[in-house]
Amino acid sequence: MTYYNNAVITKRELLVRLIKLLNNDALLDEIDRIPLQMRPRTNSPIRCCVHKDRAVLKYKIMALLGFNIADEEDELTPLREYAEQALKGYTQNGNFLTVVDEACSSCVQVNYTVSNLCQGCEGRPCQVNCPKDAIMVINGKANIDHQKCVNCGICHKACPFHAIAYLPVPCEESCPVKAIRKNADGIEKIDFDKCIHCGKCMTACPFGAISEKSQILNLFYNIKHQKEKTVAMVAPAILSQFKASATQILSSIESIGFDAVIEVAEGANMTTDHETSELLERLEEGAPFMTTSCCPSYVQFSEKHAPELKPFISHTPSPMDYTADIAKERYPDHKAVFIGPCLAKRSEAYQNPNIDYVITTEELGALFAALKIDLETVSPNAGISDNVRPESRGYAASGGVTNAIRSVLSAGLQISTELIDGIDKKSIRLLKALPGKKQHTTAFYEVMACDGGCISGPVNVAPLKVSQNKLKNAIREIEPAEALNE
Amino acid sequence: MLTTPKYKVQLCCGTMCYIMGGAELHLLIEALPDQLKDKVSIEGIPCIGKCDTNEKLHPCVLINGEELNNASTQKIIKQLLTLDNNDVL
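First to last, the protein sequences are chains A and B.
Under our numbering, residues 1 to 486 are what the first sequence spells out, in order.
Under our numbering, residues 1 to 89 are what the second sequence spells out, in order.
Think of the hints as simulated: they come from the structure by calculation, not from any bench.
You may find that some hints are simply not true.
[What the hints assert, rightly or not] Taking lysine-lysine and the DSS-like style, the derived pairs with C-alpha atoms no more than 25 Å apart in a straight line are:
1. Lys372(A) x Lys243(A)
2. Lys8(B) x Lys50(B)
3. Lys39(B) x Lys465(A)
4. Lys178(A) x Lys425(A)
5. Lys56(B) x Lys52(A)
6. Lys310(A) x Lys437(A)
7. Lys56(B) x Lys20(A)
8. Lys58(A) x Lys56(B)
9. Lys189(A) x Lys304(A)
10. Lys372(A) x Lys39(B)
11. Lys243(A) x Lys50(B)
12. Lys304(A) x Lys182(A)
13. Lys432(A) x Lys194(A)
14. Lys56(B) x Lys372(A)
15. Lys20(A) x Lys372(A)
16. Lys8(B) x Lys243(A)
17. Lys6(B) x Lys372(A)
18. Lys20(A) x Lys75(B)
19. Lys426(A) x Lys194(A)
[Claimed, not checked] With the Cβ distance kept under 7 Å, some of the chain B side facing chain A (calculated, not the full set):
20. Gln10
21. Cys13
22. Met16
23. Ala23
24. Glu24
25. His26
26. Leu27
From the three backbone atoms N, C-alpha and C, an ideal C-beta is built for every residue, glycine too.
Start from the sequences, fold in the hints, and give me the full structure.
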């Protein structure tokens, strides 16, 4: 779920500005001016001063150019140099998040703080109940000794005046697998042995300090200068993200300069068929249950945190994998570009030699905005495949995979299903308990890392409710006439 | 009872406005207070060209034809309430 906040808008503004400059062939000359233009002296600064604000923007740009902030060797390296490298293309290392340390505000080490509501009472339940003797009363007010405090929260619960406030660290709180922690300097660091690329920390940080490493400039440069032919593979969730029909969105994507467009829903047809027969086969062989495999964040979760789940995860390739096969077959000399709402797909695509680029809904939106592509007036092109099933577009919302599988089951066959909507601490407990369960009442689990499915992915632009409606419209667009009459 | 909406809210649906927060405004109808329900019509309109300037004005909205820049749900509601409270008829 992407909440509307200024940090999100800053990221999008940066993307639009970068693409505009690149489109006007002015990227290298102007890129170092972006922080100055966006944070002029006349504005009141967001952080301590205008220079800090500009430095933050510089490093956010560095991440959007695809670099790991920690890799910077010389602080004086201008953005121009990074941009030059980015346009040439660079090697990714499989980790797609980077902490913009300049932006990280080093949120509190200790989550509890005594506010001025403290009455300095006689009872002092905060002090007497503290197991670490971390509270001292100085000048009639309680004080927490940060060296001793262990964040247990007893003082917070014990204070009858609600004078002790809980201050969360948003990125750490949002991470379902404890993959983000402070380093000795108080700056957040991501542990990629644990990270499942769900993107929750990125949307949670109100300083926008966690950024993805983007490929957008490298890709657009190659498209613009026709260095290589490209085929866009468009995830069904994209069709829910813009105020236009599915056909208009697909045609608009083509008008950016892609040589061909394939819907990932086409690959989802194959995932549905394969996964259904796999499920029936496994159940016949006596397996207690099977889970979906299309959510890359969930697959990473099982690899890094619940290996015992691995045998129960479907071996069926994801719709993106199948679509990449289709792309290689139809357009063997084209570079394949996956366009989707997902951060984890970046790392899934990294492992698939048939996929060359991944761009996100946000980046696609920035491309449309920078190139002034008006989705509603783009003439709908032919070439939209008619063998996409409506249920395959439905993959984008949670429950969609189950629905697609039900639609191909032979009549009379019943399968009990359950939806795990969103990977959080609670659903992780449930998932980890599954392999050890004696009695299984559910044969098929659909697991989605994002609550709501891909349409609420971390790099989307439309709020969930809007995208739910838009996805329904996109599905209706290709529904056969008889289904509408029912 | 059918009433004609008094206030016309037009949301710029150009992509720039849309990605810079305009998408959220499509939920405006759900956020309207009781006082304004049935009095407001909401529609999307094509880009009104505000994104051409260097200033950051998006998302843009027209309320009864009058521009509201850097719009947010709360800003729109505030403007509508001001209009409605000053409307003595």
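**Asked** Lys20(A) and Lys75(B): Cα distance at most 25 Å?
**Response** This hinted pair is violated, its Cα atoms lying about 29 Å apart.
**Request:** Answer holds if the nearest beta-carbon of chain A is closer than 7 Å to that of Met16(B); otherwise answer violated.
**Result:** 4 Å, holds
**Prompt:** Do the numbers back the hint for Cys13(B), that is, is its least Cβ distance to chain A under 7 Å?
**Reply:** Nearest chain A Cβ about 5 Å off; hint holds.
**Prompt:** Regarding the pair Lys432(A) and Lys194(A), is the alpha-carbon distance no greater than 25 Å?
**Reply:** 16 Å, holds
**Request:** So, Glu24(B) near chain A? Judge it on the closest CB pair being under 7 Å.
**Result:** Interface hint status for Glu24(B): holds (5 Å vs cutoff 7 Å).
**Prompt:** Holds or violated: are the alpha carbons of Lys56(B) and Lys372(A) at most 25 Å from each other?
**Reply:** OK: Lys56(B) and Lys372(A) at ~16 Å, within 25 Å.
**Request:** Compare the distance between the alpha carbons of Lys372(A) and Lys39(B) with 25 Å, and conclude whether the hinted pair is satisfied.
**Result:** 34 Å, violated
**Restraint satisfaction for His26(B) [CB to CB of chain A, less than 7 Å]** = It holds, given that the least Cβ distance between His26(B) and chain A is near 5 Å, below 7 Å.
**Asked** Is the hinted pair Lys6(B) and Lys372(A) satisfied, with a Cα-Cα distance of at most 25 Å?
**Response** 33 Å, violated
**Request:** Would you mind confirming whether the straight-line C-alpha gap from Lys178(A) to Lys425(A) stays at or under 25 Å?
**Result:** 10 Å, holds
**Straight-line alpha-carbon gap Lys20(A) to Lys372(A), limit 25 Å** = 10 Å, holds
**Prompt:** Given the proposed pairing of Lys243(A) with Lys50(B), does the C-alpha separation stay at or below 25 Å?
**Reply:** 18 Å, holds
Of the numbered hints stated above, those contradicted by the structure are hints 10, 17, 18 and 20, listed in ascending order.
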